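Please work from the sequences and hints to get the whole structure.
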Amino acid sequence: MGIIKDAKSIAKRDPAARNAAEVFLLYPGLHALIYHKISSFFYRHKLFFLARWVSQIANRRTGIEIHPGAKIGEGLFIDHGHGVVIGETAVIGDNCTIYHQVTLGGTGRQKHSKRHPTVGNNVLIGAGAKILGPVTIGDNAMIGAGSVVLDDVPENSTVTGMKARVIKMDGERVDRKPTVAPSIALEHNKVPDPVAQELEMIEKELEKLRENNDAGNNDTIQEEDS
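If you count by this note's numbering, then the sequence shown holds residues 1 to 226, one letter each, in order.
Rather than coming from a laboratory, the hints here were simulated on the basis of the structure. Some hints could be false.
Mimicking BS3-like on lysine-lysine, the simulated pairs with C-alpha atoms at most 27 Å apart in a straight line are [said to hold, decoys possible]:
| id | residue 1 | residue 2 |
| --- | --- | --- |
| 1 | 5 | 111 |
| 2 | 37 | 130 |
| 3 | 111 | 8 |
| 4 | 37 | 71 |
| 5 | 163 | 130 |
| 6 | 163 | 204 |
| 7 | 71 | 163 |
| 8 | 46 | 111 |
| 9 | 208 | 130 |
| 10 | 71 | 114 |
| 11 | 46 | 71 |
| 12 | 130 | 111 |
| 13 | 71 | 130 |
| 14 | 37 | 114 |
| 15 | 12 | 71 |
| 16 | 114 | 130 |
| 17 | 46 | 114 |
| 18 | 37 | 12 |
| 19 | 37 | 111 |
| 20 | 111 | 71 |
| 21 | 37 | 5 |
| 22 | 37 | 8 |
Label pairs and their in silico Cβ distance ranges [said to hold, decoys possible]:
| id | residue 1 | residue 2 | range |
| --- | --- | --- | --- |
| 23 | 202 | 26 | 46 to 52 Å |
| 24 | 166 | 26 | 32 to 38 Å |
| 25 | 203 | 18 | 18 to 24 Å |
| 26 | 19 | 163 | 37 to 43 Å |
| 27 | 205 | 34 | 31 to 37 Å |
| 28 | 108 | 163 | 15 to 21 Å |
| 29 | 105 | 207 | 25 to 31 Å |
| 30 | 22 | 162 | 33 to 39 Å |
In this text the structure is predicted, and so the values were computed from the model without any measurement. For each residue, glycine too, the CB sits at the ideal point set by N, CA and C.
This is how it looks when you write it as structure tokens:
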């Protein structure tokens, strides 16, 4: 997919975009991808200084830092984008959406090894999410805003929290399978609150304990009356 097709794809997915020309001229996320194509070319031809020089120009002009060694698929939409960091060995699939302040970061100090995440197709990564290490994010996954992901994420699942954990799988609680890929729907505000869910479970357990306690008291009273 070329840059023009990328611009058209973003224009279809972003309700604020009026047309592809506006996206092409004004969207820093698309500009960062253009710079990345250039820096990646230099990187693949072992012109590492030039590659990093271009990527740093892109960082200053767009607020988005993409290492030249990162591999990016077709149709990536970096919405707003300021503060996005994508590491050297990161891999991003097709038709993904990334919001601002997202980090695809590395762990470990080993050179020439996989240190950054691999993101599948149609993945939505909410604002401020941090995905760290050589983890794999499955296709159609949704990463909630502010999540810290340190483990692999299955396909068709939703994760959120610090440390992030799966709260939905195939649309079920952990209700149906989504008809639109999360990266297209852009509904990263509809991620459930795991803390509230845990509190609800605790309340249900307390209610059961109260019922059992009341039942026990009633049995005691009946025995005393008899």
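Going through the hints against the structure:
1. 5 x 111: Outside the cut-off at roughly 35 Å; violated.
2. 37 x 130: 24 Å, holds
3. 111 x 8: Measuring from Cα to Cα gives roughly 38 Å; hence the hint is violated.
4. 37 x 71: 10 Å, holds
5. 163 x 130: Roughly 10 Å between the alpha carbons, so the hint for residue 163 and residue 130 holds.
6. 163 x 204: Satisfied, since the Cα-Cα distance of roughly 24 Å is no more than 27 Å.
7. 71 x 163: Holds: residue 71 and residue 163 sit about 26 Å apart, inside 27 Å.
8. 46 x 111: 16 Å, holds
9. 208 x 130: Violated. Residue 208 to residue 130 sits at ~38 Å, over the 27 Å cutoff.
10. 71 x 114: 12 Å, holds
11. 46 x 71: Roughly 15 Å separates the two Cα atoms, so the pair holds.
12. 130 x 111: Measuring from Cα to Cα gives roughly 21 Å; hence the hint holds.
13. 71 x 130: The given pair, whose Cα atoms are some 18 Å apart, holds under the 27 Å limit.
14. 37 x 114: 21 Å, holds
15. 12 x 71: Holds - the C-alpha atoms of residue 71 and residue 12 are around 24 Å apart, at most 27 Å.
16. 114 x 130: Within the cut-off at roughly 17 Å; holds.
17. 46 x 114: 18 Å, holds
18. 37 x 12: Distance of about 22 Å is within 27 Å: holds.
19. 37 x 111: With a Cα-Cα distance of about 23 Å, the restraint between residue 37 and residue 111 holds, given a limit of 27 Å.
20. 111 x 71: 17 Å, holds
21. 37 x 5: 15 Å, holds
22. 37 x 8: 18 Å, holds
23. 202 x 26: 46 to 52 Å: Since the Cβ atoms of residue 202 and residue 26 sit about 48 Å apart, the hinted range of 46 to 52 Å holds.
24. 166 x 26: 32 to 38 Å: The hint (32 to 38 Å, Cβ to Cβ) holds, given that residue 166 and residue 26 are roughly 37 Å apart.
25. 203 x 18: 18 to 24 Å: Cβ of residue 203 to Cβ of residue 18: about 48 Å, so the range 18 to 24 Å is violated.
26. 19 x 163: 37 to 43 Å: 41 Å, holds
27. 205 x 34: 31 to 37 Å: About 54 Å separates the Cβ atoms of residue 205 and residue 34, which means 31 to 37 Å is violated.
28. 108 x 163: 15 to 21 Å: Holds - the Cβ-Cβ distance for residue 108 and residue 163, about 18 Å, lies within 15 to 21 Å.
29. 105 x 207: 25 to 31 Å: Cβ of residue 105 to Cβ of residue 207: about 42 Å, so the range 25 to 31 Å is violated.
30. 22 x 162: 33 to 39 Å: For residue 162 against residue 22, whose Cβ atoms are near 36 Å apart, the range 33 to 39 Å holds.
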